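Q: Listed below, chain by chain, are the residues.
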Amino acid sequence: MISPRAAQLKVMACPACGLVVEDGQPEAARCPRCSARLTRRRPNSVARAWALLIAGMIFYIPANLLPVMHTSLLGRASDSTILQGVVEFWLAGSYGIALVIFVASVAVPCSKFLILGLLLVTTQRRSTWAMRERARLYRLVEVVGYWSMLDVLVVAIVAALVKFQSLSDIEPRTGILFFGLVVILTMLAAMQFDPRLIWDSEPT
Amino acid sequence: MSDGELRTFPHWVICEHCDSVYRRIALQAGQAARCPRCLAPLYRASRLDAQRWLALTIAAGIVFLIANLCPLVRISLQGLHNEATLWQSAAALAQGPVALIALPAALSIIVVPFLQIVLLGWVLAFACRRRRAPGFAPALRLLGLLRPWSMVEVCLLGILVAIIKLSGFLEVAPGPGIWAMAVLMVLITLIANRDVHWLWEMVDDVAAGAAA
Chain A
1 MISPRAAQLK
11 VMACPACGLV
21 VEDGQPEAAR
31 CPRCSARLTR
41 RRPNSVARAW
51 ALLIAGMIFY
61 IPANLLPVMH
71 TSLLGRASDS
81 TILQGVVEFW
91 LAGSYGIALV
101 IFVASVAVPC
111 SKFLILGLLL
121 VTTQRRSTWA
131 MRERARLYRL
141 VEVVGYWSML
151 DVLVVAIVAA
161 LVKFQSLSDI
171 EPRTGILFFG
181 LVVILTMLAA
191 MQFDPRLIWD
201 SEPT
Chain B
1 MSDGELRTFP
11 HWVICEHCDS
21 VYRRIALQAG
31 QAARCPRCLA
41 PLYRASRLDA
51 QRWLALTIAA
61 GIVFLIANLC
71 PLVRISLQGL
81 HNEATLWQSA
91 AALAQGPVAL
101 IALPAALSII
111 VVPFLQIVLL
121 GWVLAFACRR
131 RRAPGFAPAL
141 RLLGLLRPWS
151 MVEVCLLGIL
161 VAIIKLSGFL
171 EVAPGPGIWA
181 MAVLMVLITL
191 IANRDVHWLW
201 EMVDDVAAGA
211 AA
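Chains as they are written, first to last, in my numbering: chain A, 1 to 204; chain B, 1 to 212.
If you are wondering where the hints come from, they were derived from the structure by calculation, not from laboratory data.
Owing to the predicted nature of the structure, the values given are computational and were not obtained by experimental measurement.
Please note: incorrect hints may appear among the correct ones.
What the hints assert, rightly or not - Listed next, the in silico EDC-like pairs over lysine to aspartate or glutamate satisfying Cα-Cα at most 20 Å (straight line):
hint, chain 1, residue 1, chain 2, residue 2
1, A, Lys163, B, Glu153
2, A, Lys10, A, Glu22
3, A, Lys163, A, Asp79
4, A, Lys10, A, Asp200
5, A, Lys10, A, Glu171
6, A, Lys163, B, Glu171
7, A, Lys163, A, Glu142
8, A, Lys10, B, Glu5
9, A, Lys10, B, Glu83
Said to hold, decoys possible - Covered stretches of chain B, going by a simulated chain A footprint (3 or more residues, C-beta under 8 Å):
hint, stretch
10, 26–39
11, 44–56
12, 133–142
Positions of the beta carbon are idealized from the N, C-alpha and C atoms, including for glycine.
Make a model of the complete structure from these sequences and hints.
A: Put into structure tokens, the structure is as follows:
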């Protein structure tokens with residue numbers, strides 16, 4: 001048996017508290033339980049998600065090209081980017097840590113760009129291809145997305161610790177600002193995308 | 001009920017991910033209902049009642065204080081020592097042109113977990129006495145909004161990576177704050193990662209019982 005969808009039964013779920021409410025009023029009604037504004041789908045979902053996603057992709061370029069950290073250690077000063085940090089760990093033999101940072105700061109953001117882009121394109125084309133798998137990809141993006149904040153927090157902790165004035169000092173650099181913005185923008189893009197749109201192209 | 005009020009169907013549930021409608025069935029503690037269309041979790045029956053949930057929230061509050069007051073990591077270099085707390089870590093980003101990023105960092109590791117603990121504590125303290133807390137609806141809505149921005153577990157991994165990064169050229173020792181962060185990670189996951197919709201149903205039952 002295929003379960004009916006909300007529109008077929010003329011009901012909708014409150015986006016805030018989940019209560020099932022009749023879908024009668026044409027203009028914006030409010031939820032009788034929590035008084036949140038009732039919407040059938042997240043408003044302007046696809047356009048907003050695209051805008052946030054594209055902004056995130058643009059910021060990802062300076063995030064990788066600009067240094068994220070400035071280290072001055074016993075008179076030797078150097079700037080390092082995210083990828084240089086990964087390579088440093090790898091060459092030092094800390095393969096596990098190199099992998100963790102690579103996953104959090106390269107693999108996760110890049111797969112988020114790809115997955116969200118794929119979801120948006122297929123939704124706009126009202127594709128019925130692999131709907132269950134696409135729904136699963138969306139949930140994956142939601143769960144994994146915030147781990148990218150790792151690099152920002154590592155730089156914060158390291159910069160807070162290493163403060164020995166002339167002897168040794170670590171400071172954050174502009175790259176980390178762009179990287180943090182990429183994480184926030186892609187998280188917002190994922191929140192704007194409405195996974196129910198995937199199923200709206202299902203033939204009834 | 002007044003005229004024009006919308007009809008509600010409290011015994012139904014709609015999948016948030018695909019808009020399929022189902023009739024609610026009672027679950028055993030620890031069971032979860034899954035949507036057959038898109039395989040997303042629909043709702044789960046909690047193992048915790050309000051009292052236990054509140055107890056865990058208070059515990060999280062205490063651990064949160066320890067995690068904020070105690071240093072996370074201590075380092076030493078040629079006889080010089082230094083240590084950093086959560087606050088100092090967030091503040092370390094607030095310099096020069098990158099200062100803007102200190103704000104989301106402080107939000108995700110300090111402010112959001114703090115708000116989650118306070119809001120849950122407030123709502124649950126009233127729920128234990130079978131009452132709906134003042135500001136219940138906005139508190140629950142805010143909890144839903146905050147959930148994706150709470151990053152205690154990412155912060156803990158960040159501390160570990162920082163320790164390994166620095167241990168190459170410095171002496172690094174974990175401080176008491178790191179243990180508090182580890183416990184906080186478990187407690188926040190237990191109390192705030194669960195379905196907040198469940199609180200609505202619990203309080204609705206209470207309200208229905210009081211009216212009867």
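Q: Against the earlier hints, flag every one the structure doesn't satisfy and list their numbers going up.
A: As far as the earlier hints go, 1, 5, 7, 9, 11 are violated by this structure, in ascending order.
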